[in-house]
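Full structure from sequences and hints, please.
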Amino acid sequence: MRKTISLLLAAAMVFSLAACGKKSPNTKTPSPSPGTASPTQGAVPTEPVTLKFANYAILEAGYEDFWNGVKKDFEAKYDNITIEWVTAPYGEIVNQVINMAGGGDKVDILFGEIGWIPTFEDAGLAVPVDTILSKEFLDDFYPAMLEACSINGKPYALPMYVSPFVLYYNKDLFTKAGLDPEKPPKTYDEMLEMAEKLSKLKTADGNKVYAFGQTTASVPISGASLTAMVYNFGGRVLTMDGELDADSEAFKQAFEMVKLLDQKGYNPQNAKLKDLRNLFALGQLAMYYDQSWGYNGASTINPDIKDFTASAAPLAGGKGKGESILQAATLVLMDNGTAQKQALKLFVEYLVSAEVLNDFLAITPAYPARQSMKDLEVVAKSEILKGAKDSLDKTMPSAFVPELNDINLELCTLAQSITVGGKSVDQGIADFKKAAQALLE
Amino acid sequence: MKNKIFSSLLKYIVLAVILAFLLFPIYWVLITSFKSNMEAYRYPPSFFPVAPTLDAYIKLFEVNNDFFVYYKNNFIVSGVTALITTILAIFSGYALSRFRFKWNKWAVALLLSSQIFPVVSRMISLYDLLGDINLINTMEGLILALIADMLPFTVLLMVSFFDAVPNAIEEAAFIDGATRGQILFTIVTPLVKPGMLAVGLYAFLATWDDYLHAATLIQTDTLRTLSAGVALRYLGELSYDWSLINTISIIGTVPMVALFFFFQKYMVKGLVAGAVKG
Amino acid sequence: MSRPLRKKLIPMKRSTGDIIFSSLLLLPALIMTIVFIVVPIVDSVIKSFLDFRIKNIISGQPGEWNNFANYIRLFQSQKLMGAIIATFSFVIFVVILQFIFGMILALILNSNVKFARFIRSIMMTPWVVPTIISALIWMWMFQPQYGLIKYFVGLVSGGEITNFAMLNNPKTALLGIGIAALWKQIPLTTLLLLAGLQNVPDDMLEAATIDGAGKTRRFFDIVLPYLKSVIKIVISMAIIANFKQFPLIWTMTGGGPDNSTTTLAVLSYREAFVSNNLGSGAAVTTIWMLLMIVVILIYNKLLGATDID
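Residue numbers (this note's numbering), protein chains in the order written: chain A, 834 to 1274; chain B, 27 to 304; chain C, 20 to 328.
Keep in mind that the hints are not guaranteed to be accurate.
Claimed, not checked - Simulated restraints on C-beta separations:
hint	chain 1	residue 1	chain 2	residue 2	range
1	B	L109	A	G1039	52 to 58 angstroms
2	B	K37	C	L322	25 to 31 angstroms
3	A	T1171	B	A77	58 to 64 angstroms
4	A	T1171	C	Q80	23 to 29 angstroms
Claimed, not checked - Here are some chain B residues pointing at chain A (derived, C-beta under 8 angstroms):
hint	residue
5	Y67
6	R68
7	Y69
8	S72
9	Y153
10	G157
11	I162
12	T164
13	T242
14	Q245
15	D247
16	L258
17	R259
Treat the hints as calculated values from the structure; they're not laboratory data.
Using N, Cα and C, we set each Cβ at its ideal position, and we do this for glycine too.
See the structure below:
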C-alpha cells in the first residue's frame, strides 16, 4: 500500500511538474499597456468595445432596474460600446473577479465596497484611477474622499457615492416608548437610557423589540461597522501607517459597549446587516447602525418603513466626538489596453454624472462624492437622510492594508467572543491583538 | 403478552419520532412556501398557512426566473456527466473485473485513495488547469471536472456488478470467435443494466448536489447550476426573502425526489451492491 | 468500496491483444482521475510550501519557497488547533449518532412493522435534498427570531427559554450543523444497514431462537457479526463524507460564531479564497489530508482488514 502510494505520488509529481513547465505565464491576458500611463483624452474608440462590469448589485432586489437602465442608456449613447455584466453576489464577487483574472479574463470595472480596494491593489489588478480618468474630472471629487480610496498617495478607486455608518431609528417605536421621535440620541449614554424604555416594548404580535442593532456576524462589512464604532469612541483600529492600534482606552470602551448591549439583550446576537434590516423592517428593532443605502434592503421587506424611518448622526462615546469611517460604493478600474480604457473613461464619466446619480439616489439614500453635486436636489430633499446630514463631516479615513478583510473578520470574532462566547473584554482584545498581529506580519 | 405490546408500542413511538425528525422539516418548508413573507415572519408560527398564497411561486416564475436557467443548466450538466461517467465506468469496471494485470491493483488503489481527498484541496489547481486548456467558465470544463469527481466511486461500483456476472458466457462466446469488443458490448453490458442505471443515477444525484465545482469554475450567471446559483443569487446581501427561498427549496428538490421514487429499485440495488458486496 | 478482484473468478487468457484492450478500457478513467484529481492534489501540496498568493496567479509568477512559513504561521495561531478539534468533534458526533439512529430505524423497519416498504421510500427524501437546500431548510428551522425550533424549545421549557438560537451560540452552533448533517445522512445509513439485515439468513436467527437466545444476545452474537462488512463500509463512508463536509457549514454559519464552526474545510477555504493566501490554504488542506489518511489507516486497523491490500 505504501509503495503504491509513493509510486503514484512520484508519477503524479512528474505529471504536475510537466504541467507547470508547459505553462507560459499569462499568455491569455491581453497585455496591459504600461507605456500609456497618461490618461487617454476624450477620444471615442473606433472599434467596437465590450466593457466587462463586475457588479453584485444587479442581483439585489431594487437595483436591477437602475443598472440595466444605465446600460441601456449608455449603449444608446455610444453605439460601439457594449456593457457586459459579470455578476456574483456581494460575498463572492471579489473571489469571482480574482478567479477570472487568474484564468486570464480581466474585467474592466468593478463596483464594490471601499474595503475591497486593498485586495485588488495587492493582487495587481486595480490601476490608479488617474491613469484612466482626466484630471478635471477627478478634481471635482472631494479630496478627502479620493484620499480615503488611496494607497501610497494614489487613488485606486473612484467613490461613486458615500455615507458614514448612520444611525437609523424607528420613530413609531420612539413614540410608543414615550420618547420624542424628533430627538434621537447623540451619545451612547443617551442611547442606553432610551434603550431601556424601548426594550420594554412588544410588537403587535407580542414579539420582542430589540433596542439597538450593531452587526457582529462574520463578514468583512461587520468588521467595518465595528471599526466605525471604535471611531465613535475616538479610537482607531489601525494607525495610518497600518500598525495595530488596539491598546487605547477608546478601543476597549467600544467593545465594552458591544458587550453591554449584548448583556442587556438590546442587540440581536451575531446578526448580519441584512438580519438587522429585516428586524428593522418588521418593527422589531428600534435603532441600528447601517450604511445609508442599507435602507433600500429594509424597504424591500416592508415598503411601509418610509413612514417610520429616520436617521441620525453616529453616536459619540467616551472621549470621542462621534467620528465614523467613510463608507463608499466605489469603482475599481482595471487596465485592458488603450481602446478599453478610452471606453472605460467615457463610461465612468457617464455613470458618475449628476444625471445618472440623481436617478440612483432617488432609490437609495446616499451622498454624492463630487463637489459640483453638493446641492443635488434629491439628496437635499431626502427625508430619510435629513437627520444624519452633517455626519459626513465627521468621517475619518481608515488605513488600508492588504489584510484589511482579515482584520475586519477578526474584529467580528472579537465581538462574538465577548458576547456569545462569554470571554472578558480584556481577554477578547488580547486574543484579537495576537491574531491581528500574526496577520500583519 | 403485556411485555410484547409494550415493546411493540415503544417500537412505533421510536419510529414515529425518527420519521418526524426526517420528514417534518420538509413539511415545514412546504407550508412556508405558501405563506407570505409577513406571515412567515410571524411568531409564534402558524402550522398551516392562515392565508395560503401562491405569490412566492408566481414571483419565482415571473420575476426571479433566472432560477430556471440554473435548473436547465443543472439538467444538462448532470445528465451529460451521468452519461459519460456511466460509459467510462463500464469500460474501466469491465477491465478491472475481468483482466488481472499487475497494474490493476494500482488502478484500484488510485481510485480508492482519490475518493478520500477533499474537493477544496484541488480547487486552486483545478482552476489553473482548466484555465490552461481554456475550459474555465464553460460547461464542458465543469462537466470534465465532475466526471473526474464521480469516476472513482462509480468505477468501483461497476466492478462489483461485473463481478456478479459469471464469465462462462464470455468464454463460450470467445471460443465461438467473438472479439473482446463484441463480447463487452453485445453480451456482457446488457447483463449489467441494473448496474448502469445505478451508476448513472448516482452520478446524476451526486452532481445535482455539487456546489464547490460550480461555484468556483463558473462565473457567468447564465451558466450556473442550481446549488451554486441558489447560494450565490438568492442569499442576497441586502435582505432575506424566506418565502422565496423556501419555494426554491421545494422546486429544487422535487425532480430529485421524483427521480428517486421512480428509479428507487435500481438506486437501492446499486447502492446496496456497492456497499454490501464489499 | 467493494473488493474488485474476486478470487473465485478465473483470469482470462493473457495475450497482447488483451493487454491493449484492457488498457484502452482503463485509460480514459485513469487519465481523468490523474489529471483532474491527483495532479491538482499534488500541486496543492507543493503550493503549501510556497508563498503563493492571488497576485502569483494573476501575473503568472511561480510562488517562492518560504521555509515552511505557511505551516509555522498556522501552528502558531490558535486557529489550526481549533479547526482540528471542531472537525473531529463534528465527525465523531455525526458518525456515531448517524450509526445509532440508522441502526435503530433499520431494525424497526426489518421487524414486520406495517407499511415498512412505504416508510422506507419516504424516509429517503432528505437524502435526495441537495446539500445547499438542506442548509437553507435548517437555517430556517433554527432562525433566531421566528424559527420553529425556537418555538418548540419555548414550549417544552414552558416559556422559560425564549431566546434559543442554536447557530448563534458558539457552544451549540456545531451541534446545530450536526443535526442538519444527521438529517440528510441517516436515511442512506438506514437503507444500507437494512439491506445488510435482510441478508442475515433466517435459519440462523431461528436456530438461535430455538436455542433460547434472548433478543439482545441474538443481535450481538449473530446479527452484528454478519453485518460487519456493511457496517464497516457505512461508517467509513460517513467518516469520509463528514470529514469533507463544506457547503453545509459554509452556508449555515460561515465558520462562526467566534470560529466555533471553523472546521479544516472552512479554514482552508477561508485562507485560500477569503484571505487570498493560496499557499496557506494549501497548507491547511495538506494537514487535513494527512489527518484523514491517518484516520482511515487507524480505522482499517481497528476493523481488522484493509481495503486495498
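Right, here's what the structure says about each hint:
no.	hint	verdict
1	B:L109 <-> A:G1039: 52 to 58 angstroms	holds (56 angstroms)
2	B:K37 <-> C:L322: 25 to 31 angstroms	holds (30 angstroms)
3	A:T1171 <-> B:A77: 58 to 64 angstroms	holds (60 angstroms)
4	A:T1171 <-> C:Q80: 23 to 29 angstroms	holds (25 angstroms)
5	Y67	holds (6 angstroms)
6	R68	holds (6 angstroms)
7	Y69	holds (5 angstroms)
8	S72	violated (11 angstroms)
9	Y153	holds (6 angstroms)
10	G157	holds (4 angstroms)
11	I162	holds (4 angstroms)
12	T164	violated (11 angstroms)
13	T242	holds (7 angstroms)
14	Q245	holds (5 angstroms)
15	D247	holds (5 angstroms)
16	L258	holds (5 angstroms)
17	R259	holds (6 angstroms)
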